[in-house]
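**Q** First to last, the protein sequences are chains A and B. Note that our numbering has the first sequence beginning at 13, numbered continuously upward. Note that our numbering has the second sequence beginning at 1416, numbered continuously upward.
To be clear, the hints were calculated from the coordinates, so they are not data collected in a lab. Nothing here was measured: the structure is a model prediction, and the numbers come from that model. Treat the hints loosely; a few may be bogus.
With the Cβ distance kept under 8 Å, some of the chain A side facing chain B (calculated, not the full set) [stated by the list, open to error]:
no.	residue
1	384
2	389
3	392
4	401
5	436
For lysine to aspartate or glutamate, the following EDC-like pairs were computed, each having C-alpha atoms within a straight-line distance of at most 20 Å [stated by the list, open to error]:
no.	chain 1	residue 1	chain 2	residue 2
6	A	99	A	23
7	A	422	B	1473
8	A	388	B	1467
9	A	431	B	1467
10	A	422	B	1417
11	A	200	A	231
12	B	1427	B	1417
13	A	369	A	320
14	A	388	A	408
15	A	431	B	1417
16	A	393	B	1475
17	A	393	A	427
18	A	247	A	187
19	A	24	A	118
20	A	430	B	1417
21	A	389	B	1467
With the C-beta cut set under 8 Å, the calculated list includes, among others, these residues of chain B facing chain A [said to hold, decoys possible]:
no.	residue
22	1431
23	1433
24	1435
25	1451
26	1461
For every residue, glycine included, the Cβ atom is placed at its ideal position computed from N, Cα and C.
This is what each chain is made of:
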Amino acid sequence: MRLILVDRLTDKRLNFYPLALCRPIWELRCGMSSLVEKMITRTGAADVACFVPPYMAEVYRAKTNNPVNDASTFAGDDLFVVDAKVKAAELDIDPTGPSLVATDSDGQVLLARITKDDLSKLKTDSLDVLLESAKAQLPSADGQIAAWNYTWDLVLANPKQLVEDFKAAGRSGVEGAVEEPKAIRGSKQDIYIAPGVLVHPMVVLDAAEGPIYIDEGAEIHPFTRIEGPCYVGKKSILLGAKCREGNSIGPVCRIGGEIEESIIQGYSNKYHDGFLGHAYVGEWVNLGALTTNSDLKNDYSDVSVVLDGKKPIGTGSTKVGSLIGDHTKTSIGTLFNTGAYVGAMTLIAATGKPLPKYIPSFAWFLEGVVTKGFGKKMLYKTAKTAMPRRGCQWTEADETMWDEIFEMTKPVRMDAIKKGRRTLAAGRA
Amino acid sequence: MDKNEVQQRVVKVICQVLSVDEEMVKPDSHFVFDLGAESTQSVELVAAFEGEFDIDMDEDAALEVQTVGNAVDFITKCLK
């Protein structure tokens, strides 16, 4: 059986922006691992092929060992085709068995199980052709396939997923170094400290309400308090952080201040004081000192999020913080509103007031309005400087991909820039 | 719009954004060294010129503009 992972450029991709602007949806995290790791574990697949939006294919090829956007992977084996949004944990269809197909309410294929024999009866010129052919010719699966609908679904599911992932990992105990004096609450069975981890003196590990997993090479500085459930990724550093329950911190992050029920993809800095709650932060983000997000409205009503710059979408939750895209930088004292959408490659110079709920990608937010700022080349220059500091490189493929994202996100950004010009003009009048 | 009118409106915008007197603004005035423009004010100037003249300026090219005279030439070209 070959697992074919599918992330098509459909309208529903927008629901995972700004995080999925530069990566397949299955690379997003929930709990201790990414969605793709969960799907591979669930299906037991040893042979995996990926189909991603064409503009990100070259960048993704450099990050995976699996073939990307290669239609020749349809041949030679039974296929288990799964959309990126399918929830692995709730998938109750076996990867092997007779052919069938399952769609969502819009008729988009979420899953197709195709035997080698049936494959010969289908059209396989491209992924889209294969899926349409499968939908037309294969029997429908019974029941509905559970799927992630929005990025905040991952954030809201994170605490429970952390507990399940810790249990599934089956590890506990201390393989790294924990310096005295230490303070551990709860059962030691609910703590795992991987080899190469250094926990400094005066650190509190509170596993009374959930497990704590600190991955290889991480370093926890004095006066940090980690409340479980929590996952700290490889080579991340916590600096006196007040790390409340339900956090997933990806690899190579620098985290200080207060953080609660949030997911940080990796390679991002929140070095200083300031509160981050119920947020999802991309890679190469730098949150300046005292950057804070609201995750609860004063009237305790459900939080809404604007994903397209126009229409608010109800989250059905009273707690949703910020969604912050890759390579975004905030100045000291930045205040994000409840359920804020902060695009990728955005630069924010705070004015002291809470920011608008929607800030488009590649925006320079200055003087309280969205401007063109110094343009995308300056943002690329910053990325070229930041990435080697963590052992990574900005490539030509990155630049090509981000150029595409710049164009994709241009209409909504231009609307905001024009509004900004009017606001500035009114301020001068 | 002729170049003179462009120049008058450019000077008006500069005075508003940078809070300087009109007599300080000469064609060879450098935005940073003579008129004291901070980096964020440079961005605000571009936005203000775009609003004033209803044009869309390429940010990389616009930020190469160093003097008032350069700005007048740049905007005159954009208007064509």
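**Q** Which numbered hints turn out to be false for this structure?
**A** Structure breaks hints 3, 4, 8, 10, 15, 17, 20, 21, 23, 24 and 25.
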